[in-house]
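The lines below spell out each chain.
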Amino acid sequence: MSVVDPSRQAGALYWPVQLRRNVGVRGLFAVVMAFLVAYGFLFPGLLTASGFAKFTQSWFPLALVAMAQAILMLTGGISLAIGAMVSLGAVIAATTMTGPLGVAGGAAAVTLTGVGIGAATGFIVVKLRLPAIVVTLAGSFIIGGAALLILPRPGGAIPEWLSDLLAGNTPAAFVLLVLIVLLWKLYLATPLGLSLYAAGENPVGAYRSGVPVDGARIAAYAISGLLCTGAGLFVAAQTGSGDPVIGTAFTLNSIAAAVLGGIGFLGGQGTMRGALAGSLLLSLMISVMFFLGFTPVAQYVAQGLIIIGAVAIPQFRKVQQ
Amino acid sequence: SQANAAAKCIKGDRKAPYTIGWANIYSVPTWMKQTQGTIEAEVETLKKQGLVDKLVVTDAQGDANVQIQQIQSMIDSDVDAIILIAGSSTAPARVLADACAKGIAIINFDSLVDTDQVTAKVNTDSAQWGDQAAKFLIDAIGGKGKILILNGPAGVSVSDDRRKGADAALKAHPEVTVLAETNTPYNVAPAQEAVTSLLFANPEIDGILSLGGALSAGAVLALDKQGREQVPITGENARQFLELWKEKGLKSWATMQPNWLGAFATYTAVQALEGKDVPAFVKIPLPVIDNSNIDQYLARAADFPADGYIYSPYDEELFKKLLAEQ
Amino acid sequence: MARAPLLAAREVSKSFFGNPVLRDVSIALQPGRVHALLGENGAGKSTLINLLSGALRPDGGAIEVDGRPVSRMTPACAQQAGIAVVQQELSLTASLSIAENIGLGAYPRRFGLLDYPELAVRARAACDLVGLHEPLSMPVGHLSLGRRQMVEIAKALYRRPRVLILDEPTSSLSATETKVLTELLETLRGEGIAILYISHRLNEVMALCQHVTILKDGTCTADRSLEGTDAAGLVRLMVGRDPGDLFPHWQPSASAANAISVRNFSAGLMRDVDLDIRTGEVLGIGGLVGQGQEDLLLGLYGAMAARTASATVNGASGLPSGVPKANALGLAYVPADRKREGLHLIHSIITNMMLPAFARLPALKLRSRHAERETARGLAAQLGIKGDLDRPAQALSGGNQQKVALAKWMPHDPLVLLLNDPTRGVDVETKREIYMMLRNFAATGKAVVLLSSDTPELVHLCDRVAVVREGRIVAMLERGALSEEAIVSAAMGAEQRKVAA
Amino acid sequence: MTAWKETVGGRRALTILRSRPFLTVAIVAGVWIAASFTSRGFGSYGHLRYLVELAAVIGLVAAGQTFVVIAGGIDLSVAAIVTVSAVSLPLLSWQADPTGLTAVLAVLALTTTIGLVNGLGVALLRVHPMIMTLAMATFLQGLLIIIAGGSAVTAENPLVRWLGNARPAGIPAGVLLWVAVSVIVLAAMHATSFGARLFAMGANPLAATLSGVPVASTTLAVYGISGFTSGLAGVLVLGMNGQGYVGIGDPYLLASIAAVVLGGTSILGGLGTYAGTIPGAILLVTITALITVVNASPGWRSILFGSLILGLLLLSGREQARR
Ligand SMILES: Nc1ncnc2c1ncn2[C@@H]1O[C@H](COP(=O)(O)OP(=O)(O)OP(=O)(O)O)[C@@H](O)[C@H]1O
Ligand SMILES: Nc1ncnc2c1ncn2[C@@H]1O[C@H](COP(=O)(O)OP(=O)(O)OP(=O)(O)O)[C@@H](O)[C@H]1O
Ligand SMILES: [Mg+2]
Ligand SMILES: [Mg+2]
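Residue numbers (the numbering used here), protein chains in the order written: chain Z, 5 to 325; chain F, 2 to 327; chain G, 11 to 511; chain L, 281 to 603.
For the record, the hints were derived by calculation from the structure and aren't laboratory data.
Just so we're clear, the structure is a prediction, and the values are computed from it rather than from any experiment.
Don't take each hint at face value.
List of simulated lysine to aspartate or glutamate pairs, DMTMM-like, C-alpha gap at most 20 Å [unchecked claim]: (1) Lys247/F - Glu317/F; (2) Lys103/F - Asp168/Z; (3) Lys249/F - Glu436/L; (4) Lys189/Z - Asp125/G; (5) Lys226/F - Asp377/L; (6) Lys247/F - Asp530/L; (7) Lys277/F - Glu230/F; (8) Lys189/Z - Glu128/G; (9) Lys48/F - Glu317/F.
Part of the chain F face toward chain Z, derived, beta carbon under 10 Å [as the list claims (entries may be wrong)]: (10) Glu45; (11) Lys48; (12) Gly51; (13) Leu52; (14) Gly156.
For every residue, glycine included, the Cβ atom is placed at its ideal position computed from N, Cα and C.
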């Protein structure tokens, strides 16, 4: 057999693989970079510690839900319950953390709820073979209803120190995001990780290769649920309170971010970095348009154009080649 | 000396002409568009007086999280005042505290935030709205009978407050039975659908307690479509409802969330920046529309969008009076 | 019979929705032996290996590993028992890299995490065995069908199997690659591995295998040593009667007129090619897998952006701007990757067969279900596709799917047939029918362009063969000069023979 | 006993009985019967007729949505198109035309054009359908800011009024419109080459392209149809409510998708039928009406609504495996 020095090979596979995964999102990265530069130019305060902190805080929950949606779409699933899960996470955090459970207990409740509901949804979709889109649509009503039961109107509270820690003038959100991305990388390196792609794109082939297809998909739903309620917890900390309908807009935004980032519907297509870039673009767009002084009409038109452009222009260049 | 008298959040270091930030939650609905119109008109007036030089408008597209981000951007771009309709009664509290700390005048109107870190809140009293509506209806049906209650969307403070406001009057009249309640968006179509279903399930109805928006128009249409007698109903100043009221000769009562709250908030912000003391809460008396003055409102209908709201007249004198009264 | 077989099926049966596909079939795989599994399309071969590898569960009978029955075989179980299967392109994930695909389901781990350096070493070793030299980080989606087939084989070898099952591994491989594989299997056999080999290419079977099991309509009709049989004998066992010649008698039918003529044609990998395709000829396209042959066909068909200095297609000048235009000019294309490009697997066989008609008829023309059914019945009879035509195409065996992909063009009587490996995975009897059809087609003055990885097919069927290497036609071999050696050597670039077209 | 199953007619009957659309119809019937026993007034003719009238709006929007979904796409701009239609129609009322038909046709032309632009983006710019139509919805919001409330006069359009209120032969005009549209849609979907192309595109676009299906023009047509039927729904909903307003179309985005999927059409494309969408739409309004009359807190009502959909989904079957 071939004589290869293992030490020479170290990293010689991982990084090239990573580089090739960038190919599909280069165009988007360029667009996002352009927006970042524009933002920094329009608002130099972005480069200060607190400016950077505030900016990452407004992006953070969207980044989490984009990941939550992307991980499902990679397995060929989708969720319309993302927003309701965020709301549920927020109201649980806001009702438990100042109570007897305390912050740790509240965080545990948020985590368990996310994982539990996620896994249950995954089980229904995967084992009962029901279409994910309707299951999660139904789920969104059930979960949203639960949020309303817990907190019928906005209220509750988050300990001040937690709000200050997560959403004060600290880069905590950014650090957390880096941590979550690292965890995602680690997850991809577990047996279930890459299986996501295989289970999404070619479930039959993956099954025949010995991949635990169902397990990988259910795990994806569980993780997705966790990311959503986690985003809810953060939103609660950021706002200092709970609101049973705060997450509504995240459902569509998470899909937009993921698709913008190159995640396909049929499973196995796209990368998490793309989804993150997509969410960053959506978030940046809002601030950049503000500093450009766009009127609401111009905001709507520009937003549509930017979203189409970010997808069409890289496409167009590919076709031209 | 002015610094002492100054309103909350005001540090006295900002000089005219001011930049006003208008943090709208969603600018597409007609009510919002009309409100925006009163703000723009007020800004024009203030510009002529050299008090304002710029109006910055954001639209959060209904997303409270985006609104927070946009308020943050307003802070970053150092506007002098923020007027806002909140997308959530709790969510913007922290970012507003930051704005307040920076000496930005914050006037919150219509949908309010549960925080005192604002210069002033300007609104009608939602509980009073519910209370007055309930009292009118109970009176109209003769103190007893079966009613439906139409609420705005669930999980939203305004609709919850109006509903709670109605409680006392309803409790005081045990003869009044609430057959059913609904929660729908403040729109005609969903209200019409819900009321139709409820009418089939509850054939005998004596009155409808509608707590806002276009819900009443939807209910009237539902009754009309089934060829039923109209029943006493409460409502709001939606043009469609007022026209139906006249057309069907309803026994009705309406109040309103005047669109000029926007103009008033703008005016108040500038007053505060100018060092005037403004009260922390300006309670706007609920203008009442009933059979005595409905014609006056309808006479002006042509000046308002067909799907819009016919609000009561306003001028600077009224604003001055409102600020002084409190 | 002293040693227990490494893997065996005992009297297994399997039916799908009540249709029996396998009836009491037994097979035993011995170490150090290459065991051939033969049968017509739809005989049940793939189903049998799916049972052996745990992808499906038998309705009756048992699977035994080392002589012990396994109660519930699953793919994971099979992997543990050292059983590896080469599926046909099926088990790969396009967006993952070659290495990640090879290791899928059996990654080396360190601290519970995928160990990339180790994976690189082991995947490289497996790739080297099959002569796969693409960077390991390349996504499989970027590879041609033939290269993907090699990845699939490398994936099986990576698992260091004791039992290696190959389902038509060579169906999209050219002679050169097949040779690499054959030598590799010889080596593995020498190491004591049990090999099960499915192929419709009988010369390969004759050269490689020692033992044969033959399935016919789901029952085992022969289980014997290959010694003393020849290819004709095998066919006899498979179809139950004397085989005729596989290839029809060749008669020149080419005219001087050109159906297609292009100058300085470039598309995809193809660069500056001059080519004339005559009416009445079968023009072969040969070469190693993935040298741009497919791009040539797609470019001519208007399915891929192409440039030319000048082009004439059935009298019209210029290349067709898109597929509908190409169809209107009388071109038809049958892709190689039937699952991804040729068929609508979830749709019925009838619908699949009628699709080109739907594409060409006026959009609002009313359909006649009855006429569609009649046409489809005719086509099915012509190509020997058995069974209910309302079944989805995915319920067909691989070879029968191929027939459907070919059949759908027949009612349109195209002037030029562009075929991309049309006999891939097709059994000998059907191959014979297809060959006959193609020659007859050419004899009526139409043109056939036959891209094939099956070199004998090129030699015996074609009037001329263009050999492609690195995006250029490096040789145009006339009928007189056609031989397997000539094609292979031109493909390898050993000799630069350019015969004027 | 089982002999009838062996006959051709029997087999066909069995296929129909086992089909998703039939199942959905059966479920609707079941829900209606169960509800009329448990909920007062539910089963009355007037109520059921009203439910079908409401379902007509969803059904019209979902007609275009079904085309789009079967062809492998999705249209997230339907809600905005419904609103644009309902809000812009009063602006277009000409005095010259006493029937109001001209204005309706003009609005339908507008919404069809909007749909065609969606199609252009998807087919030519190759923008993902979800992104393209979402962006379109955003554009339309901007457009609505400009046009909404622009007319100070309530323009009475006789045709629109008739559609929303008339009951020829006791059947609401909107339902008649829906029936007519359904017949055309089902014919186009299952009896024409155009329909067959849709299914092919949705199941495997690459194979469809290589078989000569004119993918670009078919895509254009499909989104154009979706724009048209959404526009038609806008006209109907305007008639039913007497007044258009911003947000009038909002409920129809999720409803149209849910009706399509509840009716057994695969969201991945290539499989399905409008015959399932029709009972799917009726099912949705039925559940909504049921929940309305339940006396419970909003939270519980929402939970009940979700559970009902989930439960019915369990009954009406699973997604076919593919690949
Ligand atoms: N999942 C399935 N559902 C229904 N029928 C099936 C299924 N799998 C296989 N069949 C049927 O079983 C029969 C045997 O198929 P199989 O794939 O085993 O044949 P094969 O011998 O491998 O043929 P080929 O040489 O074409 O690959 C065929 O008639 C096929 O249509
Ligand atoms: N989703 C499915 N539904 C029905 N039958 C299926 C499905 N997937 C696979 N099959 C059947 O399983 C059998 C094995 O499929 P597979 O494609 O691996 O082998 P094959 O028939 O040899 O095809 P190929 O010639 O491409 O190797 C086929 O006969 C096919 O009919
Ligand atoms: Mg097979
Ligand atoms: Mg096969």
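Going through the hints against the structure:
With a C-alpha separation of about 31 Å, the suggested pairing of Lys247/F with Glu317/F is violated against the 20 Å cut-off. Pair hint Lys103/F plus Asp168/Z holds up; C-alpha atoms about 17 Å apart against a cutoff of 20 Å. Restraint check: the Cα-Cα separation between Lys249/F and Glu436/L comes to about 17 Å, which is no more than 20 Å; the hinted pair holds. The suggested pairing of Lys189/Z with Asp125/G holds, with an alpha-carbon distance near 13 Å, which does not exceed 20 Å.
Taken as a hint, the Lys226/F and Asp377/L pair is broken in the structure, with Cα atoms around 27 Å apart against an allowance of 20 Å. A distance of roughly 29 Å separates the Cα atoms of Lys247/F and Asp530/L; the hinted pair therefore is violated under the 20 Å criterion. For the hint linking Lys277/F to Glu230/F, the alpha-carbon distance of about 53 Å lies beyond 20 Å, and the restraint is violated. With a C-alpha separation of about 18 Å, the suggested pairing of Lys189/Z with Glu128/G holds against the 20 Å cut-off.
At roughly 15 Å between alpha-carbon atoms, Lys48/F and Glu317/F fall within 20 Å of each other, so this suggested pair holds. Because the closest C-beta pair between Glu45/F and chain Z is about 16 Å apart, greater than 10 Å, the hint is violated. Taking 10 Å as the C-beta contact cut-off toward chain Z, the hint placing Lys48/F at the interface is violated, the least distance being around 16 Å. Residue-level restraint check for Gly51/F is violated (minimum Cβ-Cβ distance to chain Z is 21 Å; threshold 10 Å).
Interface restraint check: Leu52/F against chain Z, minimum CB-CB distance 20 Å, threshold 10 Å, status violated. Interface hint status for Gly156/F: upheld, as the beta-carbon distance to the closest one in chain Z is roughly 4 Å, under 10 Å.
Checked against the numbered hints given earlier, the structure breaks hints 1, 5, 6, 7, 10, 11, 12, 13 and satisfies all the rest.
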